[in-house]
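S.K.: With chain Y held as given, fit chain G onto it using these hints.
Sequences listed follow chains Y and G, in order.
Each residue of the first sequence is one higher than the one before, counting from 1 in this note's numbering.
Each residue of the second sequence is one higher than the one before, counting from 1 in this note's numbering.
Keep in mind that the hints were calculated from the coordinates and are not lab data.
Some hints here could point you the wrong way.
No distinction is drawn between identical chains; accordingly, a pair holds when it is met within one copy or between any pair of copies.
[Unchecked claim] Straight line, CA to CA, 25 Å or less: simulated SDA-like cross-link-like pairs of lysine to any residue:
no., residue 1, residue 2
1, 66, 195
2, 66, 56
3, 66, 203
4, 66, 41
5, 66, 205
6, 66, 131
7, 138, 177
8, 138, 53
Only a predicted model underlies this, so the values are computations on that prediction, with no experimental measurement involved.
Protein chains: 2
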Amino acid sequence: MGNVRVSNFSVSLDGYAAGPDQSMDAPLGIGGEQLHEWAFATRSFREPLGMEGGVRGGVDDDLVAKGNGGVGATIIGRNMFGPIRGPWGDSDWRGWWGAAPPFGHSAFVLTHHPRDPIEMEGGTTFHFVTEGIEVVLKRAQDAAGDADVRIGGGPATVRQFLDAGLVDEVHLAVTPILLGAGERLFTDAENLASGYTCTGQTPSDAVTHYHLHRAG
Amino acid sequence: MGNVRVSNFSVSLDGYAAGPDQSMDAPLGIGGEQLHEWAFATRSFREPLGMEGGVRGGVDDDLVAKGNGGVGATIIGRNMFGPIRGPWGDSDWRGWWGAAPPFGHSAFVLTHHPRDPIEMEGGTTFHFVTEGIEVVLKRAQDAAGDADVRIGGGPATVRQFLDAGLVDEVHLAVTPILLGAGERLFTDAENLASGYTCTGQTPSDAVTHYHLHRAG
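With the rest of the complex left out, here is chain Y (with noise of 0.2 Å):
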């Protein structure tokens, strides 16, 4: 079995994964996108989403590639499926990511609601898992076989698997600015104290990578 990993995950200096208010308009909240714009600036975050440019190579985006490869399978919380609070309806949204996801392999979203899969073009299929963090782990991991699971976020759903001890490493690219406010990724959770070692630290010119495993 593959490891479950966190990665590419990043966090401002005040320790926001996101900014306040998120919304339709602002899904990464206010400020966010600057969190990410070291990785939006990589050849490997750009080409699965079919965009021109980017920086090919380099600590950013070697990071990136090694992020999103061996990953097997993908679990994400509904806020980073798309904004739609409550019963599903008759919604026809199908994430933020267009007909294609960058994921190309089964992606699980934690949900209250129950939903019918949806199978996306290039590999993706989104299922609706509504029977909490274990259980949607053992549907990932079985989807996933010996590649890892990735838990992409967001903050909320990444504390959550911190918080029960089922990640095994976590890379998060620490992104110099202040946004003031948001999301945090870290609450107080004293049982991460002595459950997490910091195996290493990359800088870029635009970030700097924490890398940290699972003590024992």
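M.R.: Frame of chain Y; chain G shown alone:
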């Protein structure tokens, strides 16, 4: 007039500047001393305290020396001066640092309880100021002359000055550990978001140093 600055201020990767449960025996909170190991290991930290050893030169030692240099007055919070709460009574507490504190200049202690100044060995005089941050800053700037005023800590004191927009430069040392709980430097403060820009990030073997300046 010099700058108002915060230098060599250590925070954990999850944003804590002190561990939980601060006490007489654990003035930095549980686990809090780990935040400062990078500084303890430098010659420039140890020399003013009369301690042997420490690495001379390199990123960390250079920044400790730079942080201590050119400071004409320091402002600290009550908790950084000592563990006593409430009125001073007939306490003979003279700070955490022994007979000759490392400041070597006037150190202004923010407190709600008046007390006569205490002249220490080595040039440090503790002044106790009850009139709030604007007044203490004025007094510190008068004492410093052309030199800088340093906001020494703890986290609550630094935050007060940051929130009021009174700090010109902030140098943070992010120590790659997760404390899980404790006292944060940054709490929600939307006025900070546009107030500071990061002008440099410098990795050492132990930490990453971030340099922030007040915009415009």
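S.K.: For each hint, tell me whether it holds in the structure or not.
M.R.: Verification of the supplied hints:
1. For the homomeric pair residue 66 and residue 195, the shortest alpha-carbon distance inside one copy (24 Å) is at most 25 Å, but the shortest distance between copies (35 Å) is not.
2. In this assembly of identical chains, residue 66 and residue 56 lie within 25 Å of each other by CA distance solely inside one copy; the values are 13 Å within and 37 Å between copies.
3. Both within a single protomer and between protomers do residue 66 and residue 203 lie at most 25 Å apart by alpha-carbon distance, with minima of 16 Å and 22 Å respectively.
4. In this assembly of identical chains, the alpha carbons of residue 66 and residue 41 lie at most 25 Å apart only when taken from the same copy (16 Å versus 34 Å across copies).
5. Taking CA atoms no more than 25 Å apart as the test, residue 66 paired with residue 205 passes in both settings, with 18 Å inside one copy and 23 Å between copies.
6. Taking the shortest Cα distances, residue 66 and residue 131 never come within 25 Å of each other, neither inside one copy (30 Å) nor across copies (55 Å).
7. Proximity of residue 138 and residue 177 under a CA criterion of 25 Å is satisfied in neither setting, with 36 Å inside one chain copy and 29 Å between copies.
8. With identical chains, the CA atoms of residue 138 and residue 53 are never at most 25 Å apart, being 37 Å at best within one copy and 52 Å at best between copies.
Against the hints set out earlier in the document, violations occur for numbers 6, 7, 8.
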